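**Student:** Listed below, chain by chain, are the residues.
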Amino acid sequence: MKTFKKILMILCILIIIVGMYMLGAKGLHYKQGYSKNMLIDTAKQYTVFAVMSTSIILIYFVIRYNKQGIIKVLATSILGILGAMILVLAVLAISRMEVSRFFFPIMLTTYVSSIIVLSASFEEKT
Amino acid sequence: MKKYKKTLTVIIILVVAFLMFASFFGVYKKNKNGDNVSLLPDFKLGMEFEKTRVITVAVNQESTRTVYDAEGNVVEEEEGVEYTEENGYKIEETPINDASLKNLNNYNIEKKIIEKRLKDNKVSQYSIDMNEITGKIKVEIPEDDRADEIQNLIQSSGGFMLLDSSTFEVVFSDDYLKKAEVMYSQGDIETGVFLQLKFNDEGTKKLQELSKIYVETEEDKQENEVNNETEAVNETDGTETANENQEEETSNEKTVWVIVNGALLGTTHLPDIMYDEKIMLTYGVSSDREELEEAMENANEAAILLNSGSAPLVYEYSNETVESSIDEGLVVLYVIGIGLVFVLAYIYLVIKFKAKGFITVYFEIGYLAVLLLILRLTNVTLTMEGMAGIVISMVLEYIFSYIVLDNMKKDVDGMYKKANLEFFLYTLPIYVIAVVFTFAMRANISSFGMTLFWGIILIYIYNFIFPKFIFENLNRRS
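From first to last, the protein sequence lines stand for chains R and E.
For the first sequence, the working numbering begins at 1 and goes up steadily by one.
For the second sequence, the working numbering begins at 1 and goes up steadily by one.
Certain hints may be false.
What the hints assert, rightly or not - Taking lysine to aspartate or glutamate pairs in the DMTMM-like style, the calculated list, with each CA pair at most 25 Å apart, reads:
id, chain 1, residue 1, chain 2, residue 2
1, E, K102, R, D41
2, R, K36, E, E50
3, R, K36, E, E320
4, R, K31, E, E82
5, R, K31, E, D35
6, R, K44, E, E132
7, R, K31, E, E323
8, E, K51, R, D41
Source of the hints: derived by calculation from the structure; they are not laboratory data.
On a predicted model such as this, the values are computed, not experimentally measured, just so you know.
Make the full structure from the sequences, and use the hints.
**Tutor:** Shown next, in the form of structure tokens:
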């Protein structure tokens, strides 16, 4: 199981590296009628709420799982959430999937899923 | 006792079946005309699923043409005359928007003005796209009964000016404006609606100076008194002397024209509209509710326009109604994809937990039906993000059911309580997201929060009312 996890992790890191390279070189592929400006504007609207909820969740994680080490919990949580989002972004960049109104629902689902996985993983270790 | 349990089990299954039927197929009643009328409210869909109005705000590229004669005088163009340089005329084309003003900074100012107007007017669904090269802005809003009002708000020019009524010179403008607010004053009989304009220090100082100039003088007062007396006499005499006197008085008066958002509100002496270094403009004084509501609406619109500032460029507006901007094919593809994942997950439940797994799948579908019913009844706007919220709620319900089934294998007593606690600890952070996102003003963000919020609440209530009894019963049997 540990080996499988390691392979999965390496695979994810590879996807992220390739995806980020593709993102830098070609950017995202936008659907007609949807632009980079719209994406950035919508992302800005989400920022306040995402930052607020993530901060509260991180505080909760630190308080509840402090026995697992505050820095470890914080680092795992931040890397887990950001890693999942970047991974999806990388997949979008590699697959050249059109970025449209579906982008934020996908990112939100990823965000929530990453938190459920983190929470379950911390809970199991308690 | 056994019979009672059996009856209750059948009732629960039937009630869930009824809810599924009601949610997926609707509940209809025949009206007097024999038409089927739905008893349930329709889903309130986000603007991506409905018709939208696209307002195009483009930088005016036109020029004004001025013709000068050989002596340099401006000539008014007449039909049939050729105004060419060969005929001794000089033609000057002046662009309405100077080329130096057409830059990204000014385009962004206009975009921010539009955004502020939409936000202040509590428009929850819109999208703005700006071309950074041409400055063309596309605003998409739902094509509903508010569309005209919103479009009007976008197109209106905001501004406040005080003009000298004799020279027409601008003596004060919104350059000093700090904030415009709608104020109410409740009297014994009537209520007043005012637009209060606060200015910065420089503006306040200038206003104080102006209030000494544009004031009713003693001379005016005396003239007014004389006029009033003459009017009273003339009323009986029937002569026109009062009008002559009034004309004379007007020429002596120092008054200002109050212009708000391009409309002349009236002529006045400055101290008459000044209160505590602020300007108070009356929009309505009445005891009639409808009149007051209209006054409030007007004052509020004026405040929104003033607070958003004035555009540095002149724009042209056009609009069109477009059908749903969402790619239906892609929606179907996503629904099939997500549906397939759930089908696989349910098959796994059936294989792993046999009959109990099959019952769980039944209640999972029941959960989706009840969640959709609640979203209809609570009037939650369903956007794409809201759909994501529904999918996540379904996943959470699956997790809950899985924990229950897993616990059923291990324990007998307190199985449900344990499952509840375990689920609560696993998903507690999601409640934070649901609550925080619910407070967003934008419908796409709040829709996600609201669907998730109802989804989580429903997991506890639904599972407590329906599957709990059946699972506990099954557990005792086995």
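**Student:** Flag every earlier hint the structure violates by its number, smallest first.
**Tutor:** Hints 4, 5 contradicted; others consistent.
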